[in-house]
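2 protein chains.
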Amino acid sequence: MIYGGVEAGGTKWVCATGTGPEDVQALVTFPTTDPGETIGRAADFFASNGTLAAIGLGSFGPIDVKRSSPTWGRITTTPKPGWADTDVVAALTDALDLPLAFDTDVNAAALGEHRWGAGAGLDTFCYITVGTGIGGGVMANGKLLHGLIHPEFGHMRIPHDRAADPFDGVCPYHGDCYEGLASGDAIRRRWGKPPEELAGDERVWELEADYVALGLMNVICTISPQRIVIGGGVMNQPSLLPLVRRRVTALAAGYFGAAEIVDGVDDYIVAPALGDRAGVLGAFELARLAVDGML
Amino acid sequence: MIYGGVEAGGTKWVCATGTGPEDVQALVTFPTTDPGETIGRAADFFASNGTLAAIGLGSFGPIDVKRSSPTWGRITTTPKPGWADTDVVAALTDALDLPLAFDTDVNAAALGEHRWGAGAGLDTFCYITVGTGIGGGVMANGKLLHGLIHPEFGHMRIPHDRAADPFDGVCPYHGDCYEGLASGDAIRRRWGKPPEELAGDERVWELEADYVALGLMNVICTISPQRIVIGGGVMNQPSLLPLVRRRVTALAAGYFGAAEIVDGVDDYIVAPALGDRAGVLGAFELARLAVDGML
Chain A
209 MIYGGVEAGG TKWVCATGTG PEDVQALVTF PTTDPGETIG RAADFFASNG
259 TLAAIGLGSF GPIDVKRSSP TWGRITTTPK PGWADTDVVA ALTDALDLPL
309 AFDTDVNAAA LGEHRWGAGA GLDTFCYITV GTGIGGGVMA NGKLLHGLIH
359 PEFGHMRIPH DRAADPFDGV CPYHGDCYEG LASGDAIRRR WGKPPEELAG
409 DERVWELEAD YVALGLMNVI CTISPQRIVI GGGVMNQPSL LPLVRRRVTA
459 LAAGYFGAAE IVDGVDDYIV APALGDRAGV LGAFELARLA VDGML
Chain B
209 MIYGGVEAGG TKWVCATGTG PEDVQALVTF PTTDPGETIG RAADFFASNG
259 TLAAIGLGSF GPIDVKRSSP TWGRITTTPK PGWADTDVVA ALTDALDLPL
309 AFDTDVNAAA LGEHRWGAGA GLDTFCYITV GTGIGGGVMA NGKLLHGLIH
359 PEFGHMRIPH DRAADPFDGV CPYHGDCYEG LASGDAIRRR WGKPPEELAG
409 DERVWELEAD YVALGLMNVI CTISPQRIVI GGGVMNQPSL LPLVRRRVTA
459 LAAGYFGAAE IVDGVDDYIV APALGDRAGV LGAFELARLA VDGML
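Residue numbers (this note's numbering), protein chains in the order written: chain A, 209 to 503; chain B, 209 to 503.
Just chain A, with the same shape it has in the complex:
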């Protein structure tokens, strides 16, 4: 059985067909424009790439993943212009007439890493992306976590020392929440340049590591993950992950009595084994679980 997968991000969509990391049969990436055009391109791609058993869709959020809800399948309160209340599942299902499994982009990525990557064998771990925005997916007790809606790591509140960093933050809802202070968009607006043009500026990455680590500390205190997988475009700065690990260990301050957070932190906070394909590959797995009646 061949599956379709969509990583529907706020910046770009990745669509693929296949069965896993060693068997990606077709893949396309295109920018996220308006809903009609973007969903249309995805539908065209799947219509012209063979017979599929189902499609998994991992979407930027917040989304409604509650099957019993009248608004199931929608992107809900996103600040992204034109996308609030988009019924992305209905639009794709109408175009393709295929079973469709729907979750957040980061829950899909967590599922991909669980099946084929850094989450293999773990029952409680997180996948976090620091890109244009910040999002987090969670597997808890062996299943993706939804609860009331789904995790929204990007909107945690973290300490913000305005004397050291007077920047107000970029979140249109919360100002200086986690995403408001530490996303790629926050970096670009704080320093006046995109992250990739700031590679040589240590101040940028020290501050970024401080913020990223504060959010991870809160994830550790709430979810107690067995591992944290952290990806996204901002993490492509090579100095950042080692700085984040060091800051998390310092913030823990020996409290948790877990060697993983101290001596083993290089193995505790890790890059995605599937790289930037975790989301779209996880969407295959989402589709497979739907076909097998396991969702």
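These are calculated hints, taken from the structure and not from any lab test. It is possible that part of the hints are untrue.
Label pairs and their in silico Cβ distance ranges [stated by the list, open to error]: (1) Asp471(B) <-> Arg249(A): 52 to 60 angstroms; (2) Gly290(A) <-> Pro402(B): 53 to 61 angstroms; (3) Arg370(B) <-> Gly244(A): 45 to 53 angstroms.
Glycine is no exception: its CB is placed at the ideal position from the N, C-alpha and C atoms.
Since the structure of chain A is already known, use the hints to place chain B on it.
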């Protein structure tokens, strides 16, 4: 079958025998002194109160709940004098020769509320206590959450506006973490009086509600609970829970698209249905699950 339950808190221990809220056959409460004396009093209570099938022990933490660990059954890095590295399970088992199930006090309370209280029918929710310290228990996807160790809500980092509140916080590990700013101990040291003597002072409770709500917002962003059950001695101040609810709704700022956090907040953030017996009753349930091989 009659069970024994212990809520082993940092301030007091509650020991009981019975089968549930309607059938508490004996109950005793005593202050937490040194480990030998405290555990001895618990052992004496159970030895003289009939034949028990098993004992459930919900303990203050951090504790080692990993069955495969050589230090399973211990209280680990607690700052409480004399209690670090106490093997509380071994001490009780040696004295009583009964099966013993071990978890955090707040996970036990979550279990109690799940069986008989405000968590009934939910598969993902939190129990949080704001008392001398702050702790959180989590049921995620229908099971108590442990992960790497177990949730430690009290040590999240939250915004701290030192201009408005110059108090440094009381956590010996982290200073102004959640517990450092918002626990009963923090209130007592910030204002120079215990919480119960500050009932009429609005400033105290406005600030407290701000901090409590910031932590709950981070719990919502990470765990996405279907409900938050909040207890503990500090919450006995009657004005506090309504203030906390209002602040959480304000902090969410309409982002989550979940009516529960806005219109339904009175039913979303609630006091424990079992009151201050959630922990000890949950310990009965912990014992029952152990006997039934369900842990």
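Do the hints match the structure? See the list:
For the hinted restraint 52 to 60 angstroms between Asp471(B) and Arg249(A), the CB-CB distance of approximately 38 angstroms leaves it violated. Between Gly290(A) and Pro402(B), the C-beta spacing of about 54 angstroms keeps the proposed range 53 to 61 angstroms intact. In this structure the supplied range 45 to 53 angstroms holds for Arg370(B) paired with Gly244(A), their Cβ-Cβ distance being about 49 angstroms.
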